[in-house]
Amino acid sequence: MMENLNSETTSNYDRRRFLNRIWAFFGVVAAVEFGWLGLSFMNSRKERNQPVKTESIIAAGPIERFAPGTVTAVPSGQFYLACLTDGSLLALSRTCTHLGCSVPWDEEKNKFICPCHGSTFNLTGEVLTAPAPRPLDIYPVRIENGIIKVDTSALQKRDRFEPSQATRI
Amino acid sequence: MTPDHPKSRRSFSDFLLHLHPRTIPEENLRLTLSWGLGGMAVMLVCLLFLTGILLLLTYQPSTGSAYASIVTLTREVRFGLWIRNIHHWSANLLVVIAMLHLLRIVLTGAFGQGRRLNWIIGLFLLFLLLSANFTGYLLPWDQLAYWAVTICTSMLGYIPVGGLWLQELFRGGAEIGPATLSNFCVLHVAFIPATLFVLLLWHFWLVRRAGGLVQVEHDNPDDVPVQRVPTVPNLIVREAAVGLVLVAFILILAIVWDAPLMEQANPGMSPNPAKAPWYFLGFQELLLHLHPVFASFLWPLLGVAALLWVPFWQDSALPTGVWFGSNSGRRLVIWTATVGALTTLAIILADNLLLQSNAAVAVDTLVTRGLLPTALLIALLVGFYFLLVKGLKYTRAEAVMAGIVLVLVALAVCTIIGVWFRGAEMHLVWL
Ligand code: HEM
Ligand code: FES
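So the protein sequences, as listed, match chains X and G.
Residues 1 to 169 in our numbering are what the first sequence lists, from first letter to last.
Residues 1001 to 1431 in our numbering are what the second sequence lists, from first letter to last.
Please keep in mind that the hints were generated in silico from the structure rather than gathered at the bench.
There could be a bad hint or two in this list.
Here are some chain G residues the structure puts well away from chain X; computed CB gaps all over 10 Å [unchecked claim]: (1) I1053; (2) N1092; (3) A1179; (4) P1260; (5) V1367; (6) F1386; (7) K1393.
No farther apart than 27 Å at their CA atoms in a straight line, the calculated lysine-lysine pairs in the DSS-like style are these [claimed, not checked]: (8) X:K46 with X:K157; (9) X:K109 with G:K1275; (10) X:K111 with X:K149; (11) X:K111 with G:K1275.
Using N, Cα and C, we set each Cβ at its ideal position, and we do this for glycine too.
Whenever a hint applies, use it, and build me the whole structure from the sequences.
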């Protein structure tokens, strides 16, 4: 009699523990589901908000306009057209490679100076002083019928300046 | 319940007693134990909720109209400017008060056994409160807001694994735009306040469960029985006094000092200098000296990990309830703070010369501005610890206290330099 009762309570206890485990399991499943739901919701916003790729080719003007050793801002494409000393052209992104501030060209000091943490870049976009970790990004430049065209959809990152990056006239 | 108090009359104080114990140790009432800092923080959060709800009535969270809605608020809405200023000053003062509160916990040994979980929760609260401040900073969509969100989300991009993914998640796309503002607005007015509220209740309940604030341990507890006094009115009256003085102070501050508002956001031009909000200027100083992976990821990670771990180190907390643990502890803190401040200043000035002299950075900055300073920092802290414990025979708890004070002082010096001594292009300037 005594034994019977004991084994019954044990099995009761086991059953309860088993059921508790099941509920805990469903709880975890529900949490995972909600997490997944939230993440996919937010990921889909990411995709919808990718920049529109139309009008990615920007005409920066006729070649005669750019003298060697000068930098011209092209606000419509958010880049600078740097005409290097040998007359070749480089389209430099105006976004600082450190933390994304907009870098102005300083005519007098002949370099780009970032207002946020003081990184400086030379005419070819190379880093003169840290903290920026790499040179300014570039866009491909083409010359069609004497007009300079820049493809702003094809941003290129680079580790150093090489003459082959610039477009010769 | 005493019969001369009918139930209904007691209900309000009963509610207060749900957050407080019915009686508290008399010693806990001493103002010089806690300085009422936690209570002040609660008062500020209340002010923030109240004024936040009012602001939300005129604020429009879209990139096109956010700025205009703030301008309307400050120019045309009756008391709009005042409400905005109250919100602004409460938020900023809350950062200061919370840091002082943290310092008080460290200096009175209040993160030891029985209070560990509450220390962790406190750290989460600090994180939430900084996030609340930062997300709020973005809402007006002025130049300050735009460039702060640019810099901060770019910092996420340096996290080695999943950084870019996180960056896009917070921006709501590859670039900063309307989705970014919606994200930050939801975080600021819903997610963070709700989480903050839950954690605050937990925080208070844990204080209660630990038997009140830290107390001086008497050698023989039978000699000096702990005197307990009823919470109502003893504690409540003191809380009200501190809270009301603080509210008065904020209201006056908000009359004489307007919250800043720059021009509307302009993605084409960063302001010069582009500074982070003041409570992040310590980190901004790091950004000027270190490789971005180290400044925006590894050093903060190390700091947070150390803070989370410190209460679990055996004997790392001071004897409870005595400021600085002892008089020699007090002297140690004064020395550490002075030497720490001067050293930090010297390092910043020296590195500034170094940064200006080496024109070409052909050298690998990941090593020179990353691994090397990190190794130096760790060597410095470990050396400092062994000097105190082995050389000068301080206890571990005193050494830990000195270490935390050292780091906080360094952060404070960086913040002061960032606020007052950095000018155009973030060059050092003298006032
Ligand atoms: C948890 C603590 C909170 C902190 C630390 C905080 C902090 C801030 C800060 C620093 C700003 C920038 C405002 C300025 O510069 O004037 C701000 C703005 C704002 N906050 Fe909060 N806030 C908090 C809670 C709330 C709550 C609970 C709400 C509403 C439910 C709210 C609604 C707003 C709104 C609508 C703005 C935009 C108005 C403006 O920028 O002037 N805040 N907050
Ligand atoms: S964003 Fe240009 S230096 Fe930091």
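Status of each hint after checking the structure:
1. With a least beta-carbon separation of about 26 Å from chain X, I1053 (chain G) lies farther than 10 Å from that chain, consistent with its non-interface assignment.
2. The claim that N1092 (chain G) lies off the interface holds: its Cβ sits roughly 22 Å from the closest Cβ of chain X, which is beyond the 10 Å cut-off.
3. A cut-off of 10 Å between C-beta atoms contradicts the statement that A1179 (chain G) is not in contact with chain X; the least separation is 5 Å.
4. Consistency note on P1260 (chain G): stated as away from chain X, and its beta-carbon is indeed over 10 Å from all of that chain's, at 18 Å minimum.
5. Against the 10 Å criterion, V1367 (chain G) stays outside the reach of chain X, whose nearest CB is about 12 Å from its own CB.
6. Every beta carbon of chain X lies more than 10 Å from that of F1386 (chain G), the smallest distance being close to 33 Å; the non-interface claim holds.
7. The Cβ of K1393 (chain G) sits about 42 Å from the closest Cβ of chain X, beyond the 10 Å cut-off, so the non-interface label holds.
8. The hinted pair formed by K46 (chain X) and K157 (chain X) meets the criterion: a straight-line CA distance of about 22 Å does not exceed 27 Å.
9. Proposed proximity of K109 (chain X) and K1275 (chain G) is supported: the alpha carbons are some 23 Å apart, at most 27 Å.
10. Restraint check for K111 (chain X) and K149 (chain X): the C-alpha separation of about 24 Å stays at or below 27 Å, so the hint holds.
11. The suggested pairing of K111 (chain X) with K1275 (chain G) holds, with an alpha-carbon distance near 22 Å, which does not exceed 27 Å.
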